[in-house]
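Novice: Put together the whole structure using the sequences plus the hints.
There are 2 protein chains.
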Amino acid sequence: MKNFDVSVREVGLRDGLQIHPTFMPTASKIAWIEAAAAAGVGEIEVTSFVPPKLLPQFLDAEEVSRRALAVPGLTVAALIPNSRGAERGLALGVHKLNFVMSVSRTHNLNNVRREREESVADFRKIVELVKAQPGARRPRIVGGLSTALGCSFEGRIAVADVVKYALLLAEAGADELVVADTVGYADPAQVRAVFKAVMAEVGTLPLAAHFHDTRGTGLANVDAALECGVRAFDASLAGLGGCPFAPGATGNIVMDDLCFMLDSMGLTTGVDLHKLLAVREIVRAALPDIEMHGALARAGLPRNYQSASERAAAAAAA
Amino acid sequence: MKNFDVSVREVGLRDGLQIHPTFMPTASKIAWIEAAAAAGVGEIEVTSFVPPKLLPQFLDAEEVSRRALAVPGLTVAALIPNSRGAERGLALGVHKLNFVMSVSRTHNLNNVRREREESVADFRKIVELVKAQPGARRPRIVGGLSTALGCSFEGRIAVADVVKYALLLAEAGADELVVADTVGYADPAQVRAVFKAVMAEVGTLPLAAHFHDTRGTGLANVDAALECGVRAFDASLAGLGGCPFAPGATGNIVMDDLCFMLDSMGLTTGVDLHKLLAVREIVRAALPDIEMHGALARAGLPRNYQSASERAAAAAAA
Numbered sequence: 001m002k003n004f005d006v007s008v009r010e011v012g013l014r015d016g017l018q019i020h021p022t023f024m025p026t027a028s029k030i031a032w033i034e035a036a037a038a039a040g041v042g043e044i045e046v047t048s049f050v051p052p053k054l055l056p057q058f059l060d061a062e063e064v065s066r067r068a069l070a071v072p073g074l075t076v077a078a079l080i081p082n083s084r085g086a087e088r089g090l091a092l093g094v095h096k097l098n099f100v101m102s103v104s105r106t107h108n109l110n111n112v113r114r115e116r117e118e119s120v121a122d123f124r125k126i127v128e129l130v131k132a133q134p135g136a137r138r139p140r141i142v143g144g145l146s147t148a149l150g151c152s153f154e155g156r157i158a159v160a161d162v163v164k165y166a167l168l169l170a171e172a173g174a175d176e177l178v179v180a181d182t183v184g185y186a187d188p189a190q191v192r193a194v195f196k197a198v199m200a201e202v203g204t205l206p207l208a209a210h211f212h213d214t215r216g217t218g219l220a221n222v223d224a225a226l227e228c229g230v231r232a233f234d235a236s237l238a239g240l241g242g243c244p245f246a247p248g249a250t251g252n253i254v255m256d257d258l259c260f261m262l263d264s265m266g267l268t269t270g271v272d273l274h275k276l277l278a279v280r281e282i283v284r285a286a287l288p289d290i291e292m293h294g295a296l297a298r299a300g301l302p303r304n305y306q307s308a309s310e311r312a313a314a315a316a317a318a
Numbered sequence: 001m002k003n004f005d006v007s008v009r010e011v012g013l014r015d016g017l018q019i020h021p022t023f024m025p026t027a028s029k030i031a032w033i034e035a036a037a038a039a040g041v042g043e044i045e046v047t048s049f050v051p052p053k054l055l056p057q058f059l060d061a062e063e064v065s066r067r068a069l070a071v072p073g074l075t076v077a078a079l080i081p082n083s084r085g086a087e088r089g090l091a092l093g094v095h096k097l098n099f100v101m102s103v104s105r106t107h108n109l110n111n112v113r114r115e116r117e118e119s120v121a122d123f124r125k126i127v128e129l130v131k132a133q134p135g136a137r138r139p140r141i142v143g144g145l146s147t148a149l150g151c152s153f154e155g156r157i158a159v160a161d162v163v164k165y166a167l168l169l170a171e172a173g174a175d176e177l178v179v180a181d182t183v184g185y186a187d188p189a190q191v192r193a194v195f196k197a198v199m200a201e202v203g204t205l206p207l208a209a210h211f212h213d214t215r216g217t218g219l220a221n222v223d224a225a226l227e228c229g230v231r232a233f234d235a236s237l238a239g240l241g242g243c244p245f246a247p248g249a250t251g252n253i254v255m256d257d258l259c260f261m262l263d264s265m266g267l268t269t270g271v272d273l274h275k276l277l278a279v280r281e282i283v284r285a286a287l288p289d290i291e292m293h294g295a296l297a298r299a300g301l302p303r304n305y306q307s308a309s310e311r312a313a314a315a316a317a318a
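Residue numbers (my numbering), protein chains in the order written: chain A, 1 to 318; chain B, 1 to 318.
These are calculated hints, taken from the structure and not from any lab test.
Treat the numbers as computed from the prediction; the structure is a model and nothing was measured.
Hints are supplied without guarantee of correctness; some may be wrong.
Label pairs and their computed distance ranges (CB to CB) [as the list claims (entries may be wrong)]:
1) B:300 to A:26: 31 to 39 Å
2) A:5 to B:63: 50 to 58 Å
3) A:275 to B:284: 53 to 61 Å
Derived lysine to any residue pairs resembling SDA-like cross-links, with alpha carbons at most 20 Å apart [claimed, not checked]:
4) A:196 to B:266
5) B:196 to A:266
6) A:196 to B:227
Beta carbons are placed, not taken as given, at the ideal position from N, Cα and C, and that holds for glycine.
Specialist: Here it is, written out as structure tokens:
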């Protein structure tokens with residue numbers, strides 16, 4: 001895989017679709033994955049290995065994963081709620097297993113009916129399972145901390161709690177951590193406080209950020225995280241997603257706007273903005289009733305816009 | 001006037017209304033001004049002293065200004081395109097005259113049919129006019145630099161050009177400068193580059209930022225400007241405004257979302273978020289066809305949200 005300044009990871013196929021009532025046809029999901037990869041998105045969370053009876057949107061998890069694994073160069077990730085999900089991912093050979101627990105006790109109890117310590121114990125078992133795989137088949141295992149910047153039940157979350165569970169997941173053997181503002185409560189000052197505190201404890205372990213734009217602060221939070229040194233961000237095309245606790249609210253940060261901001265800042269992502277914007281049509285055709293967001297899609301690129309790599313090349317030639 | 005960490009200035013009555021085809025009734029403008037002031041907005045650009053035949057939206061500039069000047073504690077600002085506009089503002093006794101020129105030569109030629117040096121000369125004459133007023137009647141005179149972070153004709157603007165015209169307006173006698181991303185091209189890296197360069201040259205002269213959210217980066221740019229030390233921001237309620245070059249695009253940064261982000265960061269603005277959100281109803285009732293934006297208005301405040309001053313009081317008591 002080529003090396004870019006920032007890794008952008010599409011999570012719309014999982015976080016975007018999971019609360020949408022209409023099933024996105026498998027062929028459309030695959031078209032979306034292939035087009036996003038062709039636009040330069042290097043990593044996609046393609047599905048969730050939850051029981052299909054809980055979330056029928058993901059009843060095609062196996063087929064979608066297999067087709068995504070056939071896309072050259074793409075890192076294929078999938079969400080896993082538990083060991084059973086991990087086993088499904090291992091059987092398929094996906095590259096990354098994204099485990100998630102909530103830093104908010106109430107949210108974790110409501111979401112997975114687990115005390116947080118039980119979730120950490122689950123994660124330890126999953127790591128054992130993963131690390132028992134032969135090298136070539138061994139996926140990276142990711143520890144995700146949801147509601148790390150606020151919770152619809154508890155409100156603000158103590159920074160010390162985020163650090164505590166980040167350390168526990170790191171010690172359990174995570175290859176990467178993701179700190180998530182699941183309900184879009186964060187502001188840039190909080191982001192700096194939380195990410196600096198976590199990074200001070202987990203050292204060089206890769207740390208990604210997962211922001212929602214529920215209250216308009218999503219890209220401001222990206223800027224703050226960039227300043228802390230974070231170089232991997234989740235986002236969803238057209239800001240798909242939303243929040244079950246805030247009907248009508250926007251969802252994940254908009255992938256297209258994220259890629260524009262990063263590129264405009266001179267940070268390469270590998271993504272071709274024109275090709276990425278064109279992927280929206282695949283989603284629109286498949287789910288005409290889904291709410292799509294995105295400022296770049298409305299306004300278009302600035303006049304005479306040169307991409308980060310074009311500007312770098314021009315500067316090198318001068 | 002009380003002292004807050006950040007000054008937020010409502011510009012929707014000018015920047016928001018100027019491209020809207022329907023006239024907002026004078027009584028509604030006044031209701032908006034009074035309600036915004038009651039919500040804690042300390043400064044409002046209430047109108048523009050352009051010839052009414054050019055922009056009929058502002059044919060009530062005199063009446064709106066007089067009524068705004070009757071609101072206790074409110075700083076009343078108005079845009080002035082030229083000396084004639086300055087004279088109208090002086091006759092009324094508004095507190096701030098906001099002069100604007102474009103850093104982009106092409107934009108300045110298109111907008112006011114002036115070379116940039118001619119605009120600087122105009123500004124010098126206006127400053128003389130203002131400074132000839134007796135002390136009690138003397139307004140503050142603001143030098144605004146539009147298209148400072150990008151131009152629909154020229155694309156990227158050289159930082160050196162922004163610094164040059166900032167210095168010329170400062171030397172001409174501006175009491176304050178405003179650096180404006182008129183068409184919403186900026187990213188946080190550009191904001192840091194431009195504001196740091198300008199601040200290094202103009203010293204302690206107050207410097208405000210005027211951002212548009214055309215491409216989704218508005219609040220990220222606020223965060224970057226805050227880091228540079230900027231403590232005054234223009235915004236418009238519900239993000240009214242837009243861009244004549246990008247139909248359907250969002251306008252100024254959303255005042256409601258800006259105030260939420262600042263307050264959440266622990267920066268006091270004097271604004272009561274609940275009261276501010278209620279002001280949207282005045283605009284909606286007066287202009288049912290205007291496009292209103294705003295993430296906070298859709299999603300609501302976070303659970304158990306405490307304002308910056310409530311948190312400060314709780315911390316002091318603990």
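Novice: All hints, please: hold or fail.
Specialist: We went through each hint and held it up to the structure:
{"no.": "1", "hint": "B:300 to A:26: 31 to 39 Å", "verdict": "holds (36 Å)"}
{"no.": "2", "hint": "A:5 to B:63: 50 to 58 Å", "verdict": "holds (54 Å)"}
{"no.": "3", "hint": "A:275 to B:284: 53 to 61 Å", "verdict": "violated (38 Å)"}
{"no.": "4", "hint": "A:196 to B:266", "verdict": "holds (18 Å)"}
{"no.": "5", "hint": "B:196 to A:266", "verdict": "holds (18 Å)"}
{"no.": "6", "hint": "A:196 to B:227", "verdict": "holds (16 Å)"}
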